[in-house]
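Participant: Here are the chains, one letter per residue:
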Amino acid sequence: MSTKLSRREFLKMCAGSAAAISLAGYLAPFMKEAVAAGAPPVIWIQGASCTGCSVSLLNTVHPDIKEVLTKVISLTYHPNISAAAGDLAIKEAIYKVAETNPKNFFLVVEGAVPMGADGLYCTVGEEGHEPLVFKKLLTDIGSKAKAILNFGTCSAYGGVPATDPNPTDCKPVSAVVKNVPLVNVPGCPPHPDWMVGTIAHVLLYGDIPELDAFGRPKMFFEKIVHDNCQRRQYFDNAIFAKTFGEMGCMLELGCKGPFAHCDAMNRMWNQGNNWCVGCGGVCIGCTEPQFPGWPMYERLPEMPVGPATAVTADQIGIVLGAATALGIAGHLAGNVLTGRIGPKKADKSKEGEA
Amino acid sequence: MAKIIVDPVTRIEGHLKLEVEVENNVVVDAWTGGTLWRGFELILQGRDARDAQQLVQRICGVCPVSHATAGAMALDDAMGIEPPPNGRIIRNLILGSNYMHSHILHFFHLAALDYVKGPDIAPFKPRYEADYRLPADINAQAVDIYLEALTIRRKAHEMGAIWGGRLPHVQSIVPGGVSEVPDTSKIYKFLNYLEEIQAFIDNKYIPLVKTVAEYYSDWFSIGTGCQNFLCYGSFPLEEGRDHVKKKKFWDSGIYLRGQYRELDPAVITEEVTYSWYEDDTDGNTPDVAVVTPNAKKKGAYSWLKSPRYNGEAMEVGPLARQWVNKNPDVLALGDKAFSVMGRHFARAVEASQLAKAMKEWVLQLEPGQPVCTPHELPKKEVVGVGLCEGSRGALGHWHRISADGRTKVYNAVVPTTWNSGPRTGSGAATVRGPMEQAIIGTRVADPANPVELVRIVRSFDPCYGCAIHVMTPNGKTLSQFVVS
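Residue numbers (this note's numbering), protein chains in the order written: chain A, 1 to 354; chain B, 1 to 484.
Hints are not guaranteed to be accurate.
Stated by the list, open to error - To give an idea of the interface, some chain B residues facing chain A are shown, with a C-beta separation under 7 Å as derived from the structure:
(1) CYS60
(2) LEU167
(3) VAL290
(4) THR292
Stated by the list, open to error - Anything over 12 Å on all C-beta distances counts as not near chain A; from chain B, calculated:
(5) PRO135
(6) ARG153
(7) ALA156
(8) ASP242
(9) VAL291
(10) ILE440
Since the hints were derived computationally from the structure, they do not count as laboratory data. All residues carry an ideal CB built from backbone N, CA and C; glycine is no exception.
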């Protein structure tokens, strides 16, 4: 795939895109070119999902979603938009496109993969007289894809439906399809720019962007929320909000910003109107593999990183395995030690089983 | 006798399958079944109770705010608190913004292609043909409005994010109120958005619904349904902890067998006779019921449960809301209101009514005053109930919290289970859900292209994906086809 936009420019554009600039608007002409030059088609399927990722994609600005859908990417199937339904959708818009473009189409997956009860917790159509379970659809066409783009925390890491006790035995896509390049674009939901930017990368350059240890494109997920938070000054001055609607760092109310990776604090949501901590809420760490395996409104240091695991801030740093994260953890631990963040009485009964 | 199945039906939210039996081109029986189960009730059990209003939003990405609202109300109720006036108003504004997004998304992007011929490009092609009746010039205009609606819907979300933090899945709704504080710049930014959205609703959305209704006037007598309506009421206009009786923009009420009555939440039950759950739930009222899934239960055909009001099937949604609240525009339709077009009309009318009201509410905000009541979970077992109206209809959350502050029982009784849950009872005592009732008796002109059925399904604005097959009496499939 050749394009006039260099990778360096592209990455700079994606990583630097602030609230006021529309990533999609900037990229659209280049993507149109790529599609005109025969970029591979895109198929979008939904498993155990809430459709939130699709709705978030609809929030992309300039050009409107209609242009993204009809000109910028060649989207052959999407369950909420496609005119085709039933057999026409399954046979023509999904299986046929996959079979006629082996290793030359991109598959977007929204939602986790229910494995329990032979996959019957999520059926997406019929095959003969048997229900077609999502697990089979994904295996059938996933192996033929050039790459799979997991949009949302559910397809990337399991997310909400895979949370303990995981009633439907939901798995991330990576546990079901092997030997196909995967890109995880987590978030509950992901920001539209993260999705459009990732699609743009694969269409423009024909390969996947550079990823971090959790399979996330570095161009969007390298930053830590806490480091760039608009309320960071409060933290440094040990001013903590005690109730919602108060000024102050949100740590005491449960903010997961110190170990959450994304750029929402710079990019902001919904045309730059607001973001999670901007509205006085807490970051719930929705882009992390363990989401939502922790209590949303309990403060950080005693937070479990996975079901039934209580860890200290240092261990969180080790789990993250990133130098910056270790720095943060150290910073937090330091504050705890010096009494700037008062240690809360450990109450084992209140943690670890969520 | 023949059977029709479409799988998957697209342009609805989620996963649903519809199967009907046809005799001489008339539907004689119908089964609507939800085909996705994630087990939210079980995921919530044992978690910190305060997490509920965050997690329940993930039930649905189209109406997360409705769940956040009901979830937070249930927590308020359990803790014995209520939001201060600013908190109440901001919650109303976030929910109202989501109504704008949801109603516009539903009519234009999910339902309109049943009546308006879409552009000849992917993903609007391939498609199955319906009886498109709009003249070419009006159709072209409708397509233009469809495309404009994509932008307006996005702006409705941007408007909601001013108070909600982000959409979908808001961050600022918390027990006791909200976390976002009002100031004049946010208030005027919100008003600017609202002005544009209301103009679209009044000048494009409502006129287009009326035009479609004119060309498809026979649809005022198709898809009648059970004619029983339930409305929990929504958008509280005053303080007070009695969610049933306090003054709301749309009040609570019941319309049952032609009689208007007061709402009594105590008689609401959920049945699982034909649902893929074990029958031995711990009772059938939502404050105690805990489900055990059984994907291979004999005779079951849905993951949805069947809510009943004193044993009766009740329709919920914009038509139910406006009928119960005696909206003059909707009452003027008389019996024609109980129909596919009646539902679309009621939805459009209430969108305009709500936009107008939000303009007043936002100006009642008082910068500097509190937005949230400080709260703590009680140290004893409590039950909280949150009743509100989602854009799709009556939404109730029942939350039993144990003494250690963890969720013991959680049940979300959602609009789509009221409308398209499976039947209950058996033989002569069978009670079918409103959607099944609306489909039975419908004439299907061409069983190979049963556009009538999906038009009825979509008029309820259901929240799942859906399937329909045609079979002979011995179960042999006559034709497999799909309706878009």
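Participant: Compare the structure with each hint and give your call.
Facilitator: Right, here's what the structure says about each hint:
no.: 1; hint: CYS60; result: holds (5 Å)
no.: 2; hint: LEU167; result: holds (6 Å)
no.: 3; hint: VAL290; result: violated (12 Å)
no.: 4; hint: THR292; result: violated (10 Å)
no.: 5; hint: PRO135; result: holds (21 Å)
no.: 6; hint: ARG153; result: violated (7 Å)
no.: 7; hint: ALA156; result: violated (10 Å)
no.: 8; hint: ASP242; result: holds (24 Å)
no.: 9; hint: VAL291; result: violated (9 Å)
no.: 10; hint: ILE440; result: holds (21 Å)
Checked against the numbered hints above, the structure violates hints 3, 4, 6, 7, 9; every other hint is satisfied.
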